[in-house]
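Add chain B to chain A, keeping to what the hints say.
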Amino acid sequence: GAVVSQHPSWVICKSGTSVKIECRSLDFQATTMFWYRQFPKQSLMLMATSNEGSKATYEQGVEKDKFLINHASLTLSTLTVTSAHPEDSSFYICSARVAGEPRRKFFGPGTRLTVL
Amino acid sequence: GQQLNQSPQSMFIQEGEDVSMNCTSSSIFNTWLWYKQDPGEGPVLLIALYKAGELTSNGRLTAQFGITRKDSFLNISASIPSDVGIYFCAGQGRSGTYKYIFGTGTRLKVLA
Numbered sequence: 001g002a003v004v005s006q007h008p009s010w011v012i013c014k015s016g017t018s019v020k021i022e023c024r025s026l027d028f029q030a031t032t033m034f035w036y037r038q039f040p041k042q043s044l045m046l047m048a049t050s051n052e053g054s055k056a057t058y059e060q061g062v063e064k065d066k067f068l069i070n071h072a073s074l075t076l077s078t079l080t081v082t083s084a085h086p087e088d089s090s091f092y093i094c095s096a097r098v099a100g101e102p103r104r105k106f107f108g109p110g111t112r113l114t115v116l
Numbered sequence: 117g118q119q120l121n122q123s124p125q126s127m128f129i130q131e132g133e134d135v136s137m138n139c140t141s142s143s144i145f146n147t148w149l150w151y152k153q154d155p156g157e158g159p160v161l162l163i164a165l166y167k168a169g170e171l172t173s174n175g176r177l178t179a180q181f182g183i184t185r186k187d188s189f190l191n192i193s194a195s196i197p198s199d200v201g202i203y204f205c206a207g208q209g210r211s212g213t214y215k216y217i218f219g220t221g222t223r224l225k226v227l228a
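As you go down the protein sequences, you meet chains A and B in turn.
Residue numbers for the first sequence follow the numbering used here, beginning at 1 and rising by one.
Residue numbers for the second sequence follow the numbering used here, beginning at 117 and rising by one.
Pulled out of the complex, with its shape left as it was, chain A reads as follows:
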């Protein structure tokens, strides 16, 4: 299957700093990428949908100014957690939809964010 990578795999930062997480589709083009957040022992909750070259669409309750999403190319989307606080500590997972193949969507390995 297609490969989606995330970088970094884990990050620890101080409260108030910003953290950028990258999501890359390694061997395919992804017109749409999705960002999820997963708290311990909970399910994946969709945060936003990003389409290449356009603004991301955020789910209800997700602050767009806090979670900045950029999808500048068909293989890269970034999520920046601005002014991170301990309650932002979570597992962030992206998924990418294969361009032209709506049924094919692949998940990245996730990024563990810990805010001290």
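Source of the hints: derived by calculation from the structure; they are not laboratory data.
It is possible that part of the hints are untrue.
[Claimed, not checked] The list that follows gives simulated cross-link-like pairs (lysine-lysine, DSBU-like), each with its CA atoms no further than 35 Å apart: (1) 66(A) with 152(B); (2) 55(A) with 152(B); (3) 225(B) with 186(B); (4) 55(A) with 225(B); (5) 64(A) with 215(B); (6) 152(B) with 215(B); (7) 152(B) with 167(B); (8) 20(A) with 64(A); (9) 64(A) with 41(A); (10) 167(B) with 186(B); (11) 152(B) with 225(B); (12) 41(A) with 215(B); (13) 14(A) with 215(B); (14) 225(B) with 41(A); (15) 20(A) with 152(B); (16) 186(B) with 41(A); (17) 41(A) with 20(A); (18) 14(A) with 152(B); (19) 215(B) with 225(B); (20) 167(B) with 41(A); (21) 55(A) with 66(A); (22) 215(B) with 167(B); (23) 215(B) with 20(A); (24) 186(B) with 14(A); (25) 225(B) with 167(B); (26) 167(B) with 20(A); (27) 41(A) with 55(A); (28) 215(B) with 186(B); (29) 152(B) with 41(A); (30) 66(A) with 41(A); (31) 152(B) with 64(A); (32) 186(B) with 152(B); (33) 66(A) with 167(B); (34) 41(A) with 14(A); (35) 186(B) with 64(A).
[Unchecked claim] Take a look, some chain B residues computed to stay more than 12 Å from chain A by CB distance: (36) 119; (37) 129; (38) 130; (39) 147; (40) 157.
Glycine is no exception: its CB is placed at the ideal position from the N, C-alpha and C atoms.
Below, chain B without anything else, positioned relative to chain A:
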């Protein structure tokens, strides 16, 4: 956010036993998917279902798309220790959005 109801929440089973879990929704979905997630990793697709009533197998796994389009089940036959993990169902509703709603998860523990 919206979630699908998944049951059971967790289960301990003996190696070799069959396992069954299901997922229900108050909304209709056009696609049902089943994923397995190991600790600290992203979910991995097990089975995808695209048509009401569809029954699909992947090795020891079998999943069905409910006729009402509001539920799905996953069976694992002859479980082995590496089946340990969290199983999530996911549904995709309106076509064109490609957004998945995930279930609450079933944590499976297999006793050797």
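Hints and how they fare:
no. : hint               : verdict
1   : 66(A) with 152(B)  : holds, 30 Å
2   : 55(A) with 152(B)  : holds, 31 Å
3   : 225(B) with 186(B) : holds, 27 Å
4   : 55(A) with 225(B)  : violated, 42 Å
5   : 64(A) with 215(B)  : holds, 18 Å
6   : 152(B) with 215(B) : holds, 18 Å
7   : 152(B) with 167(B) : holds, 21 Å
8   : 20(A) with 64(A)   : holds, 14 Å
9   : 64(A) with 41(A)   : holds, 25 Å
10  : 167(B) with 186(B) : holds, 12 Å
11  : 152(B) with 225(B) : holds, 13 Å
12  : 41(A) with 215(B)  : holds, 22 Å
13  : 14(A) with 215(B)  : holds, 32 Å
14  : 225(B) with 41(A)  : holds, 14 Å
15  : 20(A) with 152(B)  : holds, 27 Å
16  : 186(B) with 41(A)  : holds, 24 Å
17  : 41(A) with 20(A)   : holds, 24 Å
18  : 14(A) with 152(B)  : holds, 32 Å
19  : 215(B) with 225(B) : holds, 29 Å
20  : 167(B) with 41(A)  : holds, 30 Å
21  : 55(A) with 66(A)   : holds, 14 Å
22  : 215(B) with 167(B) : holds, 17 Å
23  : 215(B) with 20(A)  : holds, 23 Å
24  : 186(B) with 14(A)  : violated, 44 Å
25  : 225(B) with 167(B) : holds, 30 Å
26  : 167(B) with 20(A)  : violated, 39 Å
27  : 41(A) with 55(A)   : holds, 31 Å
28  : 215(B) with 186(B) : holds, 16 Å
29  : 152(B) with 41(A)  : holds, 14 Å
30  : 66(A) with 41(A)   : holds, 24 Å
31  : 152(B) with 64(A)  : holds, 29 Å
32  : 186(B) with 152(B) : holds, 21 Å
33  : 66(A) with 167(B)  : violated, 39 Å
34  : 41(A) with 14(A)   : holds, 24 Å
35  : 186(B) with 64(A)  : holds, 31 Å
36  : 119                : violated, 6 Å
37  : 129                : holds, 20 Å
38  : 130                : holds, 24 Å
39  : 147                : violated, 7 Å
40  : 157                : violated, 5 Å
Violated hints, listed in ascending order, are 4, 24, 26, 33, 36, 39 and 40; each of the other numbered hints is respected by the structure.
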